[in-house]
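Q: Please work from the sequences and hints to get the whole structure.
Numbering (UniProt numbering), first residue to last: 1 to 260.
It is possible that part of the hints are untrue.
[Claimed, not checked] Ranges between beta-carbon positions, derived for each pair:
1) G149 to A117: 21 to 29 Å
2) R248 to R166: 38 to 46 Å
3) E249 to R19: 28 to 36 Å
4) A40 to E12: 12 to 20 Å
5) V99 to R151: 29 to 37 Å
6) A162 to Q23: 42 to 50 Å
7) T125 to R45: 44 to 52 Å
8) A135 to R248: 37 to 45 Å
9) R91 to G149: 27 to 35 Å
10) R226 to V152: 21 to 29 Å
11) G54 to V152: 32 to 40 Å
12) P244 to D144: 34 to 42 Å
It is worth saying that the hints were derived from the structure and are not from the lab. Idealized CB from N, CA, C, for every residue including glycine.
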Amino acid sequence: MERAQNNMYAPERQQEIVRLAEQDGRVDVVSLAAEFDVTAETVRRDLKALDKAGLVRRVHGGAIPAGRTGFEPDLAARESAATDEKERIARAALDELPVDGSVVLDAGSTTARLAMAIPMDAELTVVTHALPTAARLADHPGIDLHIVGGRVRNRTRAAVDAWALRTYGELNADVLFLATNGFSAAGGLSTPDLAEAAVKRTMMAAARRIVLLADSSKAGQEHFARFGDLSRVDLLITDTGLGPEAVREIEGQGPQVKRV
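A: Structure follows, in structure tokens:
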């Protein structure tokens, strides 16, 4: 029986991988290799065995809980995952801010980092239904900030339902910075919650340009509620973990892909 460098047998390590996937909503190869002090190839073999056993579902760069297309990690878990990648994506997204224009900021851990990165002297009209994002921008003197109301979901701290849909339905913004739980060339854009999906779908219709901010761990994931096609996205900003083949598949759907 294989013994890992940290004195865990392979079945013990695999059991822990399943537990982490259930707890965090996803696991990635690089982090697991560091966690268990084994090679990335060992982790890939573990994930392959767990996927075959029906205990996890392999996705690009890692795995998610098997059969949990409706699983949704809470805000704290999402903010603590892939922090370096999200920071780079947010910094790159600054180049897409329109001068003296109007933007919609979706609810999400990467869009929240974009809000934190916006300079204090920026002059923009910003609309968001995400309470943490609004709080981060409230002190910017040059930002005309609008908060979209509605029922606030505990897991995302974001407003949903009729009020949010009605407000976004009346807008015509320059740029939408969109977040997603999963994206793929075949499955499009998806999220675990139907109410969140409805808001995202309405936001997409309210902007002339759509910039998707998503780290590579989201690639290949397909969740319960589908809210759009990749063909509706103008630019995907992601990290270098998204491989060349995946980039070609996505660009074949229409979006430009920028890896940072």
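Q: Each hint should be assessed against the structure and marked as holding or not.
A: Each hint tested on the structure:
1. Against the hinted window of 21 to 29 Å, the Cβ-Cβ separation of G149 and A117 comes to about 26 Å, which satisfies the hint.
2. Taking the beta carbon of each, R248 and R166 are about 39 Å apart, inside 38 to 46 Å as hinted.
3. Taken as a hint, the range 28 to 36 Å holds for the pair E249 and R19, whose Cβ atoms sit roughly 32 Å apart.
4. A C-beta distance of roughly 19 Å is found between A40 and E12, which places it inside the suggested range of 12 to 20 Å.
5. The supplied range of 29 to 37 Å is met by V99 and R151, whose beta-carbon atoms lie about 34 Å from each other.
6. Remark: the range hint 42 to 50 Å for A162 to Q23 is contradicted by a beta-carbon distance near 34 Å.
7. Evaluation of the 44 to 52 Å hint for T125 and R45 yields a pass: the beta carbon distance comes to about 51 Å.
8. Taking 37 to 45 Å as the suggested C-beta distance range, the pair A135 and R248 conforms, at roughly 39 Å.
9. A hinted range of 27 to 35 Å for the beta carbons of R91 and G149 is consistent with their spacing of about 30 Å.
10. In this structure, R226 and V152 meet the distance hint of 21 to 29 Å, their C-beta atoms being roughly 23 Å apart.
11. One distance hint, 32 to 40 Å for the beta-carbon pair G54 and V152, holds here, with the actual separation near 36 Å.
12. In this structure the supplied range 34 to 42 Å holds for P244 paired with D144, their Cβ-Cβ distance being about 41 Å.
Hint 6 from the earlier list is the only one contradicted by this structure; the remaining hints agree with it.
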